[in-house]
Amino acid sequence: MSIRKLWDRHSHSPALFIVFFVFMALLPTLLDLGKAAGGGIAWLDMLNKIGISAALALSLNLILGQTGLFHMGHTAFFAVGAYATAILNTLYGWPVFHTLPVAGLLAALAGLAVALPIIRLRGDYLLIVTVGIVEIVRIALTNNIFDLTGGANGIYGISRPVIFGMVFNTPKLQYYLIWAFTAFSVFFFYRLEHSRFGRALCFIKADEIAAAGCGINVALCKLTAFTLGACFAGMAGTLYAANIRTIEPSSFNFYESVILFAIVILGGAGSIAGVLLGSFLLIGLQDLFRDFQSARMLFFGSAMVAMMIFRPQGLIPRQGGPKLACEIPLLPAPEQLEDASKGDVSDGKKDGGRDAFPA
Amino acid sequence: MLSLHNLHKNFGGLLAVSDVSFTVTAGMIVGLIGPNGAGKTTVFNLITGNYKPDGGEIFFCGKKISGLPTHEIVSLGIARTFQNIRLFSDMTVLENSLAGRHCRMRSGVLSALFRPPRMLREEKDAVKQALHELTYVGLETRHAQKAGNLSYGEQRLLEIARALATQPKFLILDEPAGGMNDAETESLMRLIRSIRNRGIAVLLIEHDMNLVMRLCDRLVVLEHGAMLAQGSPEEIKNNEEVIRAYLGAGD
Ligand SMILES: Nc1ncnc2c1ncn2[C@@H]1O[C@H](COP(=O)(O)OP(=O)(O)OP(=O)(O)O)[C@@H](O)[C@H]1O
Ligand SMILES: [Mg+2]
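So the sequences go chain by chain: A and B. Quick note on our numbering: the first sequence kicks off at 313 and runs consecutively. Quick note on our numbering: the second sequence kicks off at 139 and runs consecutively.
By construction, these hints were calculated from the structure, which means they are not laboratory data. Mixed in with the good hints, there may be bad ones.
[What the hints assert, rightly or not] The calculated lysine-lysine pairs, modelled on DSS-like cross-linking and capped at a C-alpha distance of 25 Å, are:
| hint | chain 1 | residue 1 | chain 2 | residue 2 |
| --- | --- | --- | --- | --- |
| 1 | B | Lys307 | B | Lys202 |
| 2 | A | Lys635 | B | Lys266 |
| 3 | B | Lys266 | A | Lys347 |
| 4 | A | Lys317 | B | Lys284 |
| 5 | B | Lys284 | A | Lys635 |
| 6 | B | Lys190 | A | Lys517 |
| 7 | B | Lys202 | A | Lys517 |
| 8 | A | Lys484 | A | Lys347 |
Construct the complete structure from the given sequences, taking the supplied hints into account.
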């Protein structure tokens, strides 16, 4: 079996995800060893940023990659979550960790409210409306809506998350918290993809009318996907607020939405592994190129054009169609079937078992 | 079983369906015929909720279904195939058939997360059923192939399998023999009779008069969106107006 085939077969397997997250769990320790040997960059801060973006991109992937809804306003829900945490924490004294479900819930509600009127829009129309939503949210935050958001200066002094008396006050502890959430997101969205709901999204993406003809409630599925995606974006917002402790409207601008969109499309729409890789590349490189602001955009532009020409399906394209939760053993092995169907092409058409039904 | 009452549908001034009423009783194969552009497919789209009627009502098993969304109509037991085949062509044959099982399954987002035994059992049953319908139409040996790679005739059969997988009481076929050769058409006729014998009423559109006359218990003739005649194949064959409008022009 060629390496290519091996990769295609296993690049999306749970085993590979587990290996990846075990590696990520060991990474800070490895970095410590590296630092002892004389490394200097703030790797952990960058990895934290990547982790949050990965979780956020995974939630967008459900909407954009799996369902095929062109949604470019995901930062809006991220902002709702981050501000929910910031406000509840600084003004009402809630512990950061307690704000997580509230942030998720509020973002989900915002997602639902946005999606309800626009869910029936197609492709480019949806894109334009969702672009508008980011701007609306950002401008509302800048203008100190409800006198809670602190205007253009934002909110500062968000406290550290505390879980069972343990304060997550170092980048390393933050790292574990963030990547635990990212791991949970992968688990959640993986299971979702391998379920009746995930398959419905897959059918909807392929052909809405045929999907409805199969009895799939297209509008409800899209709405659910949108709301769930927004919910996870909101929870990622909590982690973000707790990580950088100062949030301002300009962090949730249109540019960030575009980057997220690019992570999903360049990584591989609908592919969890692809989205993870995309987050590393786009956020990581963006961080490394920080000193070359102008060259950065040039680099992104060229990378995106090159990708669209040479690998339009993304870096790690999604494999196969709708996914079952488990392998069904009642089917003959694929090799066997390939042989059977090969024999069939030439002459099997007439009978092909069609006489199985009574005349 | 299914009854249409004074259905109307216009597309920006064009009266595609006007005052169409007929009923289909259980255990029947009914043919809907008429020249190109007569409004046959539009009638199907009205029945399955793809279009909303501008006037008139549709009842299925005593329940008013006009105005309901498509997925609810499918759940009530009406399945269809499409004139311009609408398979998920990048997916395998089995996955296409499995799509039809969706509306008979219950698992939601929570069971996706926790995977209770009930959900896994349901999934296994769905695959079994999907494979069963493939076997029924004679495509089981191809279940791992891409639907888009099937021959035209086989794609039509796969659409029927997918429709049957929704466990319909009533099956609507839009030009099922389109693109089939003679042998395939013969075999299709046996398949449709067999479906009827399973207790599923069939309503079909077909231009192949030989098939229609031999297969159908009743015929409904449309022309320019209006009903021209209905009756047994014998009656239709001898109906002056039908001969003038349809058979004469067609042959
Ligand atoms: N969505 C639509 N918008 C506008 N006009 C339509 C639409 N669908 C159908 N029509 C028109 O309605 C008329 C009836 O179309 P329909 O497809 O029902 O005919 P048909 O009897 O199925 O024809 P055929 O035998 O060619 O399939 C045609 O004149 C067609 O152009
Ligand atoms: Mg038609």
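Do the hints match the structure? See the list:
This hinted pair checks out: Lys307/B and Lys202/B have alpha carbons roughly 16 Å apart, not beyond 25 Å. With a CA separation close to 15 Å, the supplied pair Lys635/A and Lys266/B stays within the 25 Å bound. Of the supplied pair hints, the one linking Lys266/B and Lys347/A is violated, its CA atoms being roughly 57 Å apart against a limit of 25 Å. The hinted pair formed by Lys317/A and Lys284/B meets the criterion: a straight-line CA distance of about 18 Å does not exceed 25 Å.
Between Lys284/B and Lys635/A, the direct Cα distance comes to roughly 15 Å. Compliance with the 25 Å bound is thereby established for this hinted pair. The suggested pairing of Lys190/B with Lys517/A holds, with an alpha-carbon distance near 24 Å, which does not exceed 25 Å. Taken as a hint, the Lys202/B and Lys517/A pair is broken in the structure, with Cα atoms around 30 Å apart against an allowance of 25 Å. The suggested pairing of Lys484/A with Lys347/A holds, with an alpha-carbon distance near 13 Å, which does not exceed 25 Å.
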